[in-house]
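S.K.: So you can see what is in the structure, the chains are spelled out below.
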Amino acid sequence: AQRVTQPEKLLSVFKGAPVELKCNYSYSGSPELFWYVQYSRQRLQLLLRHISRESIKGFTADLNKGETSFHLKKPFAQEEDSAMYYCALRASGTYKYIFGTGTRLKVLA
Amino acid sequence: GAVVSQHPSRVICKSGTSVKIECRSLDFQATTMFWYRQFPKQSLMLMATSNEGSKATYEQGVEKDKFLINHASLTLSTLTVTSAHPEDSSFYICSATGTDNTEAFFGQGTRLTVV
Chain A
1 AQRVTQPEKL
11 LSVFKGAPVE
21 LKCNYSYSGS
31 PELFWYVQYS
41 RQRLQLLLRH
51 ISRESIKGFT
61 ADLNKGETSF
71 HLKKPFAQEE
81 DSAMYYCALR
91 ASGTYKYIFG
101 TGTRLKVLA
Chain B
1 GAVVSQHPSR
11 VICKSGTSVK
21 IECRSLDFQA
31 TTMFWYRQFP
41 KQSLMLMATS
51 NEGSKATYEQ
61 GVEKDKFLIN
71 HASLTLSTLT
81 VTSAHPEDSS
91 FYICSATGTD
101 NTEAFFGQGT
111 RLTVV
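Chains as they are written, first to last, in the numbering used here: chain A, 1 to 109; chain B, 1 to 115.
Just chain A, same shape as in the assembly (with noise of 0.2 Å):
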C-alpha cells in the first residue's frame, strides 16, 4: 500500500539550528517525492520535488530509494520557517497524491 509517514507532529528548534523533518514512504514503484509547506493562514504550497533536485529557502531534501526516506533539511532554521510541513508522494503515472500526517516546525527565537 502507498504510505507517507511523518513521525514527528511537532518539532522544536532554536533560530540558526540544523533542521531535519522525517519522511519516509512505502510504494513498491518509483514513486514522485514532494514536500509542502503551509504558513500561518496560508494555503498549501509546493516548496520543493525530488525530481528537480533545487534548492528552495535554504531547504534540500535527497530521495534515498534504500532508506525510503525523503528528509526535509535546512543548515541553519529562520523563524519565518516556522509552519506546517507535509510529504507527500504521488505513484508514477497517476495524478493522485498521498500526504503524510504533516510536522509543525517552530523556530525559536
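The hints are simulated quantities; they were obtained by calculation from the structure and are not laboratory data. Incorrect hints may have been included.
Rough simulated footprint, nothing fancy, chain B against chain A, three-plus residues with beta-carbon under 8 Å [stated by the list, open to error]:
#1 38-51
#2 93-100
List time: in silico DSS-like cross-link candidates among lysine-lysine, alpha-carbon distance up to 25 Å [unchecked claim]:
#3 B:Lys41 / A:Lys9
#4 B:Lys55 / A:Lys96
#5 A:Lys73 / B:Lys66
#6 B:Lys41 / A:Lys106
#7 A:Lys96 / B:Lys20
#8 B:Lys41 / A:Lys22
#9 B:Lys66 / A:Lys96
#10 B:Lys64 / A:Lys96
#11 A:Lys96 / B:Lys41
Taking beta-carbon pairs under 10 Å as the criterion, some of the chain A residues facing chain B (in silico) [said to hold, decoys possible]:
#12 Val4
#13 Gln6
#14 Lys9
#15 Phe34
#16 Tyr86
#17 Ala88
#18 Arg90
Built from N, CA and C at the ideal position, the CB exists for glycine as well.
Fit chain B to the supplied structure of chain A, relying on the hints for placement.
M.R.: Below, chain B without anything else, positioned relative to chain A:
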C-alpha cells in the same frame, strides 16, 4: 504561480441541508481537480479525483451520493455536501493540476460547520 480559489472560506449550515463549495482555477486550465478533507491535527485525506467532463473517481469509503462532485469546465469544480450532518463538519480543500501535471495548486480551504 497558478491560483486556485475556493468559495466560501467558511460556511455554517443546519443539519439536513445541502451546501455547495466551489473550486476555481483562476489563471490556468485545470485538467484534474482533487477534493480533500482534513480533520483537526490530521493529514489531508483524498476524497475524490475529477477530470473535466467525466464522473469523479471516489476513494474507498467516500459516499458518492453524499459528496457530489461536478467538474463541468476546465476552471470549475464543485463539491456539494448533501443532507449534511454534524459529523460532516470539517475542513475541505481542493487542488488542481494543469496539463503538465508537474505541480498541484491548492485552494485556501473551506471550513464547514454543520449545526
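S.K.: Hints first: check each against the structure and report whether it holds.
M.R.: Status of the hints after comparison with the structure:
1. 38-51: holds (count 6)
2. 93-100: It holds, with 6 qualifying residues against the three required.
3. B:Lys41 / A:Lys9: Given pair lysine 41 (chain B), lysine 9 (chain A) holds - Cα atoms ~9 Å apart, limit 25 Å.
4. B:Lys55 / A:Lys96: 16 Å, holds
5. A:Lys73 / B:Lys66: 41 Å, violated
6. B:Lys41 / A:Lys106: Within the cut-off at roughly 15 Å; holds.
7. A:Lys96 / B:Lys20: 23 Å, holds
8. B:Lys41 / A:Lys22: This hinted pair holds, its Cα atoms lying about 17 Å apart.
9. B:Lys66 / A:Lys96: Roughly 21 Å separates the two Cα atoms, so the pair holds.
10. B:Lys64 / A:Lys96: 18 Å, holds
11. A:Lys96 / B:Lys41: Roughly 22 Å separates the two Cα atoms, so the pair holds.
12. Val4: 8 Å, holds
13. Gln6: 8 Å, holds
14. Lys9: 8 Å, holds
15. Phe34: 8 Å, holds
16. Tyr86: 7 Å, holds
17. Ala88: 8 Å, holds
18. Arg90: 8 Å, holds
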